[in-house]
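*Asks:* In case you want the letters, here they are:
2 protein chains.
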Amino acid sequence: MTRLTDKQDAYGHAIYDSYLGKGGYEIDERDDGFVGGVRDAGTYLAAYDEWPPIEREAMEIVKGRILDIGCGAGRHALYLQEKGLDVLGIDVSPLAIKVCKLRGLTQAREMSITQLSRKLGTFDTLLMMGNNFGLFGSFKRAKWLLRRFCGMTSDQARIIAQSSDPYATDEPCHLAYHELNRKRGRMSGQIRLRVRYKTYATPWFDYFLVSRNEMAEIVSGTRWRVGHFAESDGPYYIGVIEKKLPSAR
Amino acid sequence: MTRLTDKQDAYGHAIYDSYLGKGGYEIDERDDGFVGGVRDAGTYLAAYDEWPPIEREAMEIVKGRILDIGCGAGRHALYLQEKGLDVLGIDVSPLAIKVCKLRGLTQAREMSITQLSRKLGTFDTLLMMGNNFGLFGSFKRAKWLLRRFCGMTSDQARIIAQSSDPYATDEPCHLAYHELNRKRGRMSGQIRLRVRYKTYATPWFDYFLVSRNEMAEIVSGTRWRVGHFAESDGPYYIGVIEKKLPSAR
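Sequence order for the protein chains is Y and X.
Numbers 1 to 249, taken from this note's numbering, label the letters of the first sequence in order.
Numbers 250 to 498, taken from this note's numbering, label the letters of the second sequence in order.
Calculated directly from the structure, the hints in this document are not laboratory data.
As a list, the in silico DSS-like pairs of lysine-lysine whose alpha-carbon atoms are at most 25 Å apart:
1) X:K256 / Y:K183
2) Y:K7 / X:K432
3) X:K332 / X:K347
In isolation and in its complexed conformation, chain Y is listed as follows (with noise of 0.2 Å):
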């Protein structure tokens, strides 16, 4: 993935004007079309205490040395470097990126999921917050990347990942869209769709969103497996990850 241009950088520029008190704003376009899932960008400097109650409860469960993948403006991130954990906050955007450190987050790089690798050293917990379940982008990648996190990872590490369900929808032109994905032989909820903000617009890249039951059918298979879905009273949900480890038999 080569770096994002300032003027692809739609995501960051929506932070980094929310940052400002500009009011940011995301604006999602499908390619099919559809233009959507308006955003106030605000959301990604919310503190501790305006979270969504799953996003609170998800950090009781955090442990040890922690990667934020897609940290955005670094809200997880910066709440638990204050509570006196090891966090790293990685993100493709350079403005996103800019942003946390800004707001003194220490460790925050400009990365991409297909860049991390052991060369960071071991985690302990891997965030993917905010739907980021969707940054796996497909089925088949998402497979390559649980195992390279294998590799990445302490024995008794966890991944808490965010998504929703695609399915809990009646919206007529989502229901055409899934079924015009699994036309072409993907998943119902894999959005191609690039982020636009004022001028600038991302280049288009895949995201998906999955139910519990595709969650699961994902992580089998490797060396993962999840333990538990923690619920919320919207669509979000939680699959908190775990190593299967060999059988002590």
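The hints should help you fit chain X onto chain Y, whose structure is shown.
*Replies:* Just chain X, lined up with the frame of chain Y:
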């Protein structure tokens, strides 16, 4: 102008979904790649009490037979109809007109501003609310339509036209767009845009925002003149445009 297809009626679908309580929204996409101006289409259905004060005040000077140009979901037309006035709403959006009728507007027609003619009879007030002075589209087309409007209106007729000063911004991407427009011989605030909602997108069209001076300049040389401007707290203003009557001398 050919009729908008269902797929092109982004604005109508947003209004219709809001009418159904399904949270319609609109997103503007400008021809420089800017996306923004996200609007809750519910505002098209807002009741009198929820309107900005300047819109409520404008209703005080409405008189006689009224043509509401770009009537949307009919919020102004319905208010005036309830006051016992004779009002025709026109809009280019089939679904907007459908919603007007569902809400009880007795005179509502699918029609674009360029299709207006004296065949519709004579009006005493032409309403162009909600930035709809912009429907003139360009300097030249505004002059042409203002002349045509002369033949459709009584001697005492008024055009009540809302716009926003495009220069009241320090946003670099808007200032760059103004500069681009001037370079290509367009008015600074002459926006080439399409409206998007879900997978719906209108054709590209011109919609302009003008300063008070520009509105006066556009009107000059026609048989109309700006009587006065009504000001608001926000960027909006209303030009009350009257007919220049032949001198009594």
